[in-house]
Amino acid sequence: MSTHIIFQYSLRPRRSIMSWAPWLFSIRGVKPDLVYKDTATNKAILDHCPILRQELTPPWFLFNGHLQSAASVRPHLNAKVDYDREIVGLSDGGIVSLDWVVHPTNTYAPNHPTILVHGGSGGSSRDPYIQLTVKALAAQGWRVVVMNMRGCGNTPILTARCPNGNYTQDIRDIVVHLRTTVVQSGPLIALGYCAGANLFVKFAGEEGEACQLTAMVSISNFYDMQAVVESLNATYYNRYVYNTAVASAIKRQFFKNRANLDPFQNLPQYDLERLENAATLQDLDEIMSRRNDGYDSLDEFYRDASCVRYMEAVRIPLLCISALNDPFVTPEMIPDHMSIANDRIMFAKTASGGHLGFFHGDGTDMWTSDVIHQYCAAVLDVTKVLKEPASDAMTMAASAA
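Anchor point for the sequence shown: position 324 equals 324 in the UniProt record's numbering, and the numbering is continuous, going up by one each time.
Please keep in mind that the hints were generated in silico from the structure rather than gathered at the bench. Don't be surprised by glycine CBs; every beta carbon is placed ideally from N, CA and C. Misleading hints may appear alongside valid ones.
Claimed, not checked - Label pairs and their computed distance ranges (CB to CB): (1) Gly93 / Asp47: 46 to 54 Å; (2) Asp262 / Asp47: 52 to 60 Å; (3) Asn266 / Asp38: 30 to 38 Å.
Claimed, not checked - Cut-off 27 Å, straight-line C-alpha distance, at most; resulting in silico cross-link-like pairs (DSSO-like, lysine-lysine): (4) Lys349 / Lys31; (5) Lys43 / Lys349; (6) Lys135 / Lys31; (7) Lys349 / Lys37; (8) Lys251 / Lys80; (9) Lys80 / Lys135; (10) Lys80 / Lys256; (11) Lys135 / Lys349.
Take the sequences, apply the hints, and build the full model.
This is the structure in structure tokens:
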């Protein structure tokens, strides 16, 4: 499966190449490759989620994975979102922030369907791809909240624990908090991107049957941390563009507030000077996470951090969306065989989208926003999560928006 680019030759000399761009790059849409176990439930979900069987056509100007990836983190005119912030204390004395998408009337029914969002490495609720997505989901009737990890999105670090790709206790604390406060009843669906997707899926596998989430959507998941690290170092471009960009994003969040350094002063397992000079994701994981978590090597740390080891134990519906032109999560790293071992997992592999991008049409919005909406609504309808018919629940959600 691939995206087909048709080059059309023109002899008219007086127009610039940019004026001809829409004709030079005419891109055909390609249907996602779906991998799932053939069960009645999965068939019913797909019947309620027609977008997964339709062609995805990327914008002509985002014709490869690198451009799609870059577009996901660039400022976007349509990406402005207003949030109400909630600070939540964690079991170890630290805090995370929850940014709730502001509703015009700020009223929701107690059982209103809610989506909990976790972004990528060093990300926050202000990342363009997050804002575009949550704005679209809120407009479609969902209550949406974004989880900002320790040190991210201007959330202070109060204890000697950094954002960590292996540590799921913060997610556990937040799910318990939501289930005992705002979302005591009704669906609570997790939406994770990149490293956040890896953490969410690992959490769901650890929880198994006890998981208090209703369903989950994973986008551009790392799956296997060791394989991702190797991919980030496989080429000059990956190492000095993507690896450096991820490391810089994490450091920027950490050092934005110099008070974040206070809990780590005089702790031998942390070398703050070395941390400030770290250039790669491996450097950061070695300094910020591996030592503090007591692992003998980064290989051991990455093994335990990889959600693929936990996917067989997931007991909630899970949709995993990955692009085949993701620059560093390559096709062979997508563990679609897990859908055979676990019939609750469905994979959608797209020809375009890059890492976190998935822009389509004219490039003003993201294909994944519509997929998330349709899939989550389908799960509610098919599995009968709510006491009333789920279609009524979503009608309620739409009318409240």
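Hints, one by one, checked against the model:
no., hint, in the structure
1, Gly93 / Asp47: 46 to 54 Å, "holds, 48 Å"
2, Asp262 / Asp47: 52 to 60 Å, "holds, 54 Å"
3, Asn266 / Asp38: 30 to 38 Å, "violated, 58 Å"
4, Lys349 / Lys31, "holds, 9 Å"
5, Lys43 / Lys349, "holds, 17 Å"
6, Lys135 / Lys31, "holds, 25 Å"
7, Lys349 / Lys37, "holds, 15 Å"
8, Lys251 / Lys80, "holds, 24 Å"
9, Lys80 / Lys135, "holds, 8 Å"
10, Lys80 / Lys256, "holds, 22 Å"
11, Lys135 / Lys349, "holds, 24 Å"
Going through the hint list in order, the structure does not satisfy hint 3, though it satisfies all others.
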